[in-house]
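These protein sequence lines are chains X, W and V, in that order.
With the working numbering, letter number 165 in the first sequence gets 165, and the count goes up by one each step, no holes.
With the working numbering, letter number 107 in the second sequence gets 107, and the count goes up by one each step, no holes.
With the working numbering, letter number 73 in the third sequence gets 73, and the count goes up by one each step, no holes.
Any given hint could be a false lead.
What the hints assert, rightly or not - Some chain V residues judged to face chain W by a derived CB distance under 7 Å, without partners named:
{"hint": "1", "residue": "W167"}
{"hint": "2", "residue": "M175"}
{"hint": "3", "residue": "G176"}
{"hint": "4", "residue": "W266"}
{"hint": "5", "residue": "P268"}
{"hint": "6", "residue": "N271"}
To be clear, the hints were calculated from the coordinates, so they are not data collected in a lab.
Each residue gets a CB set at the ideal place from its N, CA and C atoms; glycine is no exception.
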Amino acid sequence: MGALSRIAPLLIVAAFWEAITRSGLVPTDLLPPFSTVVVALVKLATGGTLWPNTVDSVARAAAGFGIAVVVGTGIGAGMALWRGFETAAGPLVQAFFPLPKSALIPLVIVWFGLGDTAKTFLIFLGCLLPVILSTYNGLRGVDQVLVWSARSLGATRAAVIREVLLPGAMPQILTGLRTAVAFSFLLMVSSELIIATNGLGYLIGSYGDNGAYPAMFAVILVVTGLGYAADRAFVALSSFLLRWRE
Amino acid sequence: MSDTQTGIAIDRLSHRYVPRSGQPVTALDNVSLQVPRNSFHALLGPSGCGKSTLLFLIGGFLPIQEGQIRTASGPVLAPGPERGVVFQNFALFPWKTVKQNVLYGIGKRGIRGAEADQRAQHFIDLVHLSGFENSFPAQLSGGMQQRAALARTLATDPDILLMDEPFGALDAQTRRIMQEELLAIWRDTRKTVVFVTHDVAEAVYLADTISVMSARPGRICQRIDAGFNRRAETGVFKSPEFIGLVEHVWDLVRSEVDEARQRSH
Amino acid sequence: MSTQLSVRAPSAMRPPRFAWSALGTLKRFGSILAVLVVWEIAGRLHLVRPFLLPHLESVILRFYTDIVTGAFFWNAALTLYRAMVGFALAALIGVPLGILIGVNRLMRWFWDPLVSLGFPMPKIAFLPVFMLWFGVFDLSKIAMVAFSSVFVVIASTQAGTAGVERWVIWSARSMGAGRIAVFFQVMLPAAMPQILTGLQVAMPVALITTVVAEMLMGGAGLGGMMMQAGSYADSVGVFVGIIETSCVGAIAVTAMAQLRRRLLRWHPEFNPR
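Bound conformation, chain X alone:
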């Protein structure tokens, strides 16, 4: 009942969509009816265009995200734990604060050309900052009293990091990662719209350019659904990892 209640508004929107287009209130060349879009979606899914592009896109997003997680937690942790590193890396990280990563698209094209590397690099850059910040803040935010207790009980520095700091920082790190997941999707689509070679973003752009609007809307739905699914999956993963908390 709960799940149905949550989906109901979406169904209402879909019904509304169908109604205003079928009734002629909204011209179908501007907004194809929902049913037409669904048909197009099925055709795409069974036709052999959707799947390879989805794999391409998701693979790039995952790669960019994954590398950003590894590098970002490393940098964030380094800054949190070693003051020298923080003095060195801190200003650089803070300088990138106001810089919107999407603004780097033209530069990345200059460096890497119009291909997969450019897109993956952009996704990596976009995910990097939230991961660094949340790792840094998470580790710094662990109550110092916990650290002192562990040290006084004889824990080595490595053990303190492993058993006190990491678990304590985990909620904030996971929140940052969740943001990074959303950013990875965002940059995936942005980069594919502009560097239009393959992928879901490319499909959206190209269908739009060619007037294949039902297909365009269909792919947009796919992307929306993927983004939502990824977020939900991440929330589930976070709950699992944090199940020892209240």
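Using the hints provided, position chains W and V relative to the given structure of chain X.
Chains W and V alone, transformed into the frame defined by chain X:
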């Protein structure tokens, strides 16, 4: 209401609520109480005994399910300025200064302009906050914020003052000072006060009468007369009479806590 | 190598504030200066192709030229105009809607799934839709910006409105305030910090959505200018575009922070005890 001596008449009041998960809880079970005009009445009991719920019902914030509450102004149906409230976490408007907070209630009573200003200043001075009229709550200590809240409520000239553990969020020293100041103000203004607390000594010090409540379900198990508040002596806390009554009430409360624990097993 | 676990109080990372001690300044900007120095040396020694990494001096010179000729201001103004109008739209729609959702259970039931769907959604995917509906000039960009920013405004406003503590509302009611007075005189001011936070987060979103839309659609504005430079192999122009975009972003964020400071003078965050 025929008896002009009664400030608040509570008649067979019951209240139930359903928490998010679990069985319906009876917060109050058939509670009846008469609070005489101009008296200081304490509701004392352990956590969960329903004392705050009772206060909120008198205040008109919770809908009455069973029973009746009447005051001199008629049956209680909704909140109103004749029943002023002071909350534990002050509930000041953080975006207003102290003076603006106090003026808010005054304005709602229809008083404006220079008269309102004077009135606000009078009550700010009364609670010893002179000089802090233009401070924001975030700039004040807990004790000062509670004084401001008290000034704000008193400025609306309520017949009845409802106080929900008002000093609970303050440190012990500030609490003691505030208790003395509250008594001084009460002696001057003689309002009907219903004061919720879990601190036995506080109840014995401040109240004419204490209703000791028990938990699960909430009921008044005993009424105890105190009356130390009418003596102007210092050193009340040290007097053997006082200490004796505190111990007596404490034993009552403790036995209620034990009983409640047994009942829930 | 010292691996001392620092025990100083945690300090969350924020955009830099200005502290005028010499050592402090050195610490704060040291590594940035180091990077700039390395950049300049790499240029002088021809270590990297100028196409990939133009000389620092060329970049600075072009930036200066852009300012003097007014090119910076024109592009920045156009991008800002689009971003601000879209942002304003998002605020005008999102705040009232968020309030409605916060106070009304039916509205909440209906809008909650939609907003939580919209949040992680890469809203930029709708750019071709807006191009279809509104053409390739300002209107489509503004609509895209509004769409991108509105979700976070709704979510924050909703949280702020729903999270107003009942004590403050009860106090007002016991002083004789009616429902409407409670709404305007108590709920809105109480929710303001969170509403402003939502607007503050939406601002950079608006800006970057504008830039990306401009990159895709071309024309004038910072995004279009950068793409054009890229297509003409003008990497100096691309670098300068990045600097200019950062400047505009920093100014916008600072302006919002100042607005917050002014509107929320009373808030504990500005009155530390």
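Each hint, compared with the structure:
With a cut of 7 Å, the hint placing W167/V at the interface with chain W holds, because the nearest CB-to-CB distance is about 4 Å. For M175/V, the suggested interface contact is upheld, since its CB lies about 4 Å from the closest CB of chain W, less than 7 Å. Annotation: G176/V was flagged as interfacial toward chain W, and the flag holds, the nearest CB pair being 4 Å apart, inside 7 Å. With a least beta-carbon distance of about 4 Å to chain W, the hint placing W266/V at the interface is held under the 7 Å criterion.
The beta carbon of P268/V comes within 4 Å of a beta carbon in chain W, closer than 7 Å, and the hint placing it at the interface holds. Taking 7 Å as the C-beta cut-off, the interface hint given for N271/V holds, the closest approach to chain W being about 4 Å.
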